[in-house]
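*Asks:* Spelled out from the first residue to the last, the chains are:
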Amino acid sequence: GESVGLHLPTLSVQEGDNSIINCAYSNSASDYFIWYKQESGKGPQFIIDIRSNMDKRQGQRVTVLLNKTVKHLSLQIAATQPGDSAVYFCAERRGSYDKVIFGPGTSLSVIP
Amino acid sequence: EAGVAQSPRYKIIEKRQSVAFWCNPISGHATLYWYQQILGQGPKLLIQFQNNGVVDDSQLPKDRFSAERLKGVDSTLKIQPAKLEDSAVYLCASSFSRIEAFFGQGTRLTVV
Chain A
3 GESVGLHLPT
13 LSVQEGDNSI
23 INCAYSNSAS
33 DYFIWYKQES
43 GKGPQFIIDI
53 RSNMDKRQGQ
63 RVTVLLNKTV
73 KHLSLQIAAT
83 QPGDSAVYFC
93 AERRGSYDKV
103 IFGPGTSLSV
113 IP
Chain V
7 EAGVAQSPRY
17 KIIEKRQSVA
27 FWCNPISGHA
37 TLYWYQQILG
47 QGPKLLIQFQ
57 NNGVVDDSQL
67 PKDRFSAERL
77 KGVDSTLKIQ
87 PAKLEDSAVY
97 LCASSFSRIE
107 AFFGQGTRLT
117 VV
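Chains as they are written, first to last, in our numbering: chain A, 3 to 114; chain V, 7 to 118.
For the record, the hints were derived by calculation from the structure and aren't laboratory data. Warning: the hint list may mix true and false statements.
What the hints assert, rightly or not - DSS-like, lysine-lysine: derived pairs with alpha carbons at most 30 Å apart:
no., chain 1, residue 1, chain 2, residue 2
1, V, Lys77, A, Lys44
2, V, Lys50, V, Lys77
3, V, Lys84, A, Lys101
4, V, Lys21, V, Lys89
5, A, Lys101, A, Lys70
6, A, Lys44, A, Lys73
7, A, Lys58, V, Lys50
8, A, Lys44, V, Lys68
9, A, Lys44, V, Lys84
10, V, Lys50, A, Lys101
11, V, Lys50, A, Lys44
12, V, Lys89, A, Lys101
13, A, Lys58, A, Lys44
14, V, Lys77, A, Lys101
15, V, Lys21, A, Lys44
16, V, Lys84, V, Lys68
17, V, Lys50, V, Lys17
18, V, Lys17, V, Lys84
19, V, Lys50, A, Lys73
20, A, Lys101, V, Lys17
21, V, Lys21, V, Lys84
22, V, Lys68, V, Lys21
23, V, Lys50, A, Lys70
24, A, Lys101, V, Lys68
25, A, Lys44, V, Lys17
26, V, Lys89, A, Lys44
All chains should be modelled from the sequences, with the hints used to inform the complete structure.
*Replies:* Written out as structure tokens, the structure is:
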């Protein structure tokens with residue numbers, strides 16, 4: 003079946019510290035993995051994606067790591083800022099029509 | 007560039023009533039998605055259009071939900087009759103080719 007979260011884990015970090023958000027995925031057929039950020043009252047916003055044949059990709063203040071052996075994905079945010087407070091979702095993109103399936107989210111709270 | 011527009015932003019209806027949501031995707035985006043997001047969960051894909059054709063509606067409750075995409079541009083999602091468990095945020099997203107999906111702000115539906 004599709005990945006649907008029933009609980010929302012929470013991560014609290016001090017401003018300026020690094021954050022690590024983890025995600026487990028189930029489908030080995032996915033060709034891209036994506037991280038989205040969702041602020042209260044808004045739709046999800048694309049952060050970064052990684053192709054399934056890569057194990058690391060860096061963006062501005064963010065790094066995504068992919069471990070296909072254990073089907074694990076992580077998002078690292080450097081020097082976390084109050085504006086990073088949001089719910090973060092991992093998602094998988096698969097199929098010829100780029101179906102995007104969301105996983106369970108993690109709520110990140112940044113303490114000033 | 008204008009984003010994905012959705013209306014209304016909020017809707018409250020009684021169970022067994024009908025409701026319709028409207029989405030105007032980003033100009034030129036061939037792919038349009040409708041997602042249902044229940045509080046505390048990740049978005050669940052309901053239906054995906056490529057131009058004006060449906061490419062995935064495997065999780066759309068077809069006995070009560072319907073969607074169409076007019077001339078490959080705007081789209082409407084309808085629920086008839088609504089149930090209490092349909093209370094959720096309905097998100098529309100669009101994408102061009104394999105570039106990331108852009109989401110609208112969503113319509114928050116409350117069924118009482």
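*Asks:* Now tell me if each hint is right for this structure.
*Replies:* Tested hints:
1. V:Lys77 - A:Lys44: Given pair Lys77 (chain V), Lys44 (chain A) holds - Cα atoms ~27 Å apart, limit 30 Å.
2. V:Lys50 - V:Lys77: holds (25 Å)
3. V:Lys84 - A:Lys101: holds (21 Å)
4. V:Lys21 - V:Lys89: Holds, at roughly 5 Å.
5. A:Lys101 - A:Lys70: holds (20 Å)
6. A:Lys44 - A:Lys73: Holds - the C-alpha atoms of Lys73 (chain A) and Lys44 (chain A) are around 29 Å apart, at most 30 Å.
7. A:Lys58 - V:Lys50: Status holds; Cα separation ~27 Å.
8. A:Lys44 - V:Lys68: OK: Lys44 (chain A) and Lys68 (chain V) at ~27 Å, within 30 Å.
9. A:Lys44 - V:Lys84: Within the cut-off at roughly 21 Å; holds.
10. V:Lys50 - A:Lys101: OK: Lys50 (chain V) and Lys101 (chain A) at ~11 Å, within 30 Å.
11. V:Lys50 - A:Lys44: Distance of about 16 Å is within 30 Å: holds.
12. V:Lys89 - A:Lys101: Answer holds: Lys89 (chain V) to Lys101 (chain A) is near 27 Å, not above 30 Å.
13. A:Lys58 - A:Lys44: holds (28 Å)
14. V:Lys77 - A:Lys101: holds (21 Å)
15. V:Lys21 - A:Lys44: holds (26 Å)
16. V:Lys84 - V:Lys68: Satisfied, since the Cα-Cα distance of roughly 10 Å is no more than 30 Å.
17. V:Lys50 - V:Lys17: It holds: about 20 Å lies between the C-alpha atoms, which stays within 30 Å.
18. V:Lys17 - V:Lys84: Distance of about 13 Å is within 30 Å: holds.
19. V:Lys50 - A:Lys73: holds (21 Å)
20. A:Lys101 - V:Lys17: holds (28 Å)
21. V:Lys21 - V:Lys84: holds (14 Å)
22. V:Lys68 - V:Lys21: holds (17 Å)
23. V:Lys50 - A:Lys70: Judged against 30 Å, a Cα distance of about 24 Å means the pair holds.
24. A:Lys101 - V:Lys68: Between Lys101 (chain A) and Lys68 (chain V) the Cα gap is close to 19 Å, so the pair holds against 30 Å.
25. A:Lys44 - V:Lys17: holds (16 Å)
26. V:Lys89 - A:Lys44: holds (24 Å)
In this structure, every one of the numbered hints holds.
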